[in-house]
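Chemist: Got chain Z; can you put chain L on it based on the hints?
There are 2 protein chains.
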Amino acid sequence: MTETDTHEQVAQSNRAALRLANVDEAQRNAALADIADAIRENSEAILAANGTDVEEAEAMLAEGEYTQALVDRLKLDEGKLERIAGMVESVAEQSDPLGKTLAARELDEDLELYKLSVPLGVVGTIFESRPDALVQIAALALKSGNAVILKGGSEASESNRVLYETILDATADLPEGWATLIEAHEEVDRLLEMDDMVDLVMPRGSSEFVSYIEANTQIPVLGHTEGVCHVYVDEAADLAMAEDIALDAKVQYPAVCNAVETLLVDEDVAADFLPGAVSRYREAGVTLRGDPATRDIVDVDPATDGDWRAEYGDLELAIKVVADVYDAVDHINANGSKHTESIVTEDADAAETFMTGIDAASVFHNASTRFADGYRYGLGAEVGISTGKVHARGPVGLEGLTTYKYCLEGDGQLVASYAGEDALPFAHREFDGEWHPGHLADE
Amino acid sequence: MTETDTHEQVAQSNRAALRLANVDEAQRNAALADIADAIRENSEAILAANGTDVEEAEAMLAEGEYTQALVDRLKLDEGKLERIAGMVESVAEQSDPLGKTLAARELDEDLELYKLSVPLGVVGTIFESRPDALVQIAALALKSGNAVILKGGSEASESNRVLYETILDATADLPEGWATLIEAHEEVDRLLEMDDMVDLVMPRGSSEFVSYIEANTQIPVLGHTEGVCHVYVDEAADLAMAEDIALDAKVQYPAVCNAVETLLVDEDVAADFLPGAVSRYREAGVTLRGDPATRDIVDVDPATDGDWRAEYGDLELAIKVVADVYDAVDHINANGSKHTESIVTEDADAAETFMTGIDAASVFHNASTRFADGYRYGLGAEVGISTGKVHARGPVGLEGLTTYKYCLEGDGQLVASYAGEDALPFAHREFDGEWHPGHLADE
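Going line by line, the protein sequences match chains Z and L. In our numbering, each residue carries its 1-based index in the first sequence increased by 8. In our numbering, each residue carries its 1-based index in the second sequence increased by 8.
It is worth saying that the hints were derived from the structure and are not from the lab. Hints are supplied without guarantee of correctness; some may be wrong.
Lysine-lysine pairs mimicking DSBU-like chemistry, simulated, CA-CA at most 30 angstroms apart [what the hints assert, rightly or not]:
(1) K108(L) <-> K108(Z)
(2) K108(Z) <-> K123(L)
(3) K123(Z) <-> K108(L)
(4) K108(L) <-> K123(L)
(5) K123(Z) <-> K108(Z)
(6) K123(Z) <-> K123(L)
Isolated chain Z, as found in the complex:
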């Protein structure tokens, strides 16, 4: 692919986006159903291509280049393919994120402003190893009316190509270019430069990978680099509840970004709380490190400064004793990643201090940090989790792939009438109503 080719592909995505924005919900859902069917029907070819990828990856594993985890993520089977097809169908079942009236306001008589949800336009996505990511992102983009540019990892290139062709064949009725697969690494760098033609980039992969993308593009990025989450056990905590939450937040699934990495314990309850909690962590195989005050109570390895900002992503945990809830808030604001933070307490004032004082996407009271997830939040299909603050924050649903458009219906109004000495006043009256183009003329 030359530079001109990539540019022409992205220009075609732009043209497709303009048309896809006006493809109605029924047609988008029918296309998603066709994709699910096509994945099932084409399973033999998909699994054969995946077999080639897995074979190469296993050779790289033998040479120590790849990890077993990478090979596991790469590998598809009949069961996984069925789950992928089912996921596409569940995206179709989501309520339509497009055409929602977000606000309707009468500016003056027969001058009505409607704020409507519309697709962003062209979304790019760059992901590592998992071939299911390609299908999921294509489905989310289609549901939300966005053209999509897909770039997978080279280790999954055969799987990705067959999955992409399966999707394209199943959606021949959609605007040409609605989904584009790019394969060469140079194409990614060119894509990242096209901030005038790509509206959003969603990288999926390691923290280093997402940071690299963020540092190398002017395109807005939706994603998260890390999750350094905390559980704080307040002096007024129900200690049995605190033990359960602290354990669930670490061991229920330690590899994910909403798992706890540092446990903070109020000094007034540390001696009562820590021995029991540490014993349960040990039973669960968790490696523990603590600050000096923690080590005065329980026998754990010493924590170093690096531990307070570490995202272990594994059965490892740092423990720190703090003076009070304010000390906990300060520690978290200084060391956390603004992802998800939880306080365990029976004291409403302490809960308020913690939840209003911490700058994070999600702040919890008496619940495990692991609840920070689009599905659990009831957002439906999850587009990603964002630790950025603009556009979308925390778990992001399909709404994160939309923007809005103001539609103004008038009957010939001029701004000159609303300016100067005899300026007409504005009404600015909110009302319930849907936009129907031209309805003022029909009245």
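Modeler: Just chain L now, kept in the frame of chain Z:
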């Protein structure tokens, strides 16, 4: 200022932001009232400082370095200062953008999720010549609970310093560092690198200036580079209405971004429409250029390819005859700046084709493009106009300076209970309610 100094200033802004986020509405509004009073009381010192700036600017004008327009924008007088003080008071009167419950959802019994509006954190702003911009942006930031970093143009340095000191003296009760003035150009470059500490940058100035900022920072930018807006006169237009709208959109205030730059006319009505419209434009002193089909009907200079993407910002207009509404949509999508586009027609289908087919922040039917403005839209104080698609699009009110935070209230729930074979189901029931920390424990 050394690099360390700038870093420490911005770090202080971050600390101030955490505290300002919890300053209640009454205190923020009282501080705004104090700022307005202080500007009135300190008018002599402000006007004296401004006099120094104006004197220097007039010397630069004489040397041909500055334009008269710049000197005019720079100059303050008693009347302008009173309007600035009044503007600060009107920001105080806006409804509070913080603490709004954007959604409340019961995930399960006694597990309630609230989505609350909160400040972004630290907003940076870089503006040219107008000293009123400093006051306006500081007021908007304070109202929305954001710490603000202000950088004005060197031509207004004396005015800006006195205005800044007036604001700081009037707000001694607010967290230290809530507003910071930076003065040296090197500091701007360092600020633009601090994407981990600054949440949003709002540049105000020329198109080149905004483009420069966008190209030189990883911080999200709220602003607009240009406004190439169109009015399309459809074959089914009321031609008298079309003439009024086309004229208002150009001449009511030609220097602003929502003024029309290219007039598109359907070929079926061009011969009827153009002679009258051109005559009125000429009376208003508008310089006209047209494509060959336009010039077959009226005697105007030829337009070149550059005219179709020109933002004249003046009494100049390009005119093009198009085949139909689809041709108009294609021309606008190819040449417009996604700002504001208007169709004049009595045909509801043509209006719908135009408004759904064009990718722009604002699409109008039978109204002047000049209505695209935060005040006219009823958004209250206008933060800016954005031609970006993420976070905020089109005219942006105080809401554009906020993000949201998810607050989850539980009574000890664990994710393990909602996973695996005996997983509890989620309720995901929306309800009307406000977040009260700890209220589940009180029941």
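Chemist: Quick one, are K108(Z) and K123(L) close enough, alpha carbons at most 30 angstroms?
Modeler: holds (19 angstroms)
Chemist: What's the verdict on K108(L) and K123(L), does the C-alpha distance respect the 30 angstroms limit or exceed it?
Modeler: OK: K108(L) and K123(L) at ~8 angstroms, within 30 angstroms.
Chemist: Given the hint that K123(Z) pairs with K108(Z), does the C-alpha gap stay at or below 30 angstroms?
Modeler: holds (8 angstroms)
Chemist: Would you mind confirming whether the straight-line C-alpha gap from K123(Z) to K108(L) stays at or under 30 angstroms?
Modeler: holds (19 angstroms)
Chemist: Is K108(L) within 30 angstroms of K108(Z), Cα to Cα?
Modeler: holds (20 angstroms)
Chemist: Straight-line Cα separation of K123(Z) and K123(L) no greater than 30 angstroms?
Modeler: Holds: K123(Z) and K123(L) sit about 21 angstroms apart, inside 30 angstroms.
Violated hints: none; the structure is consistent with every hint.
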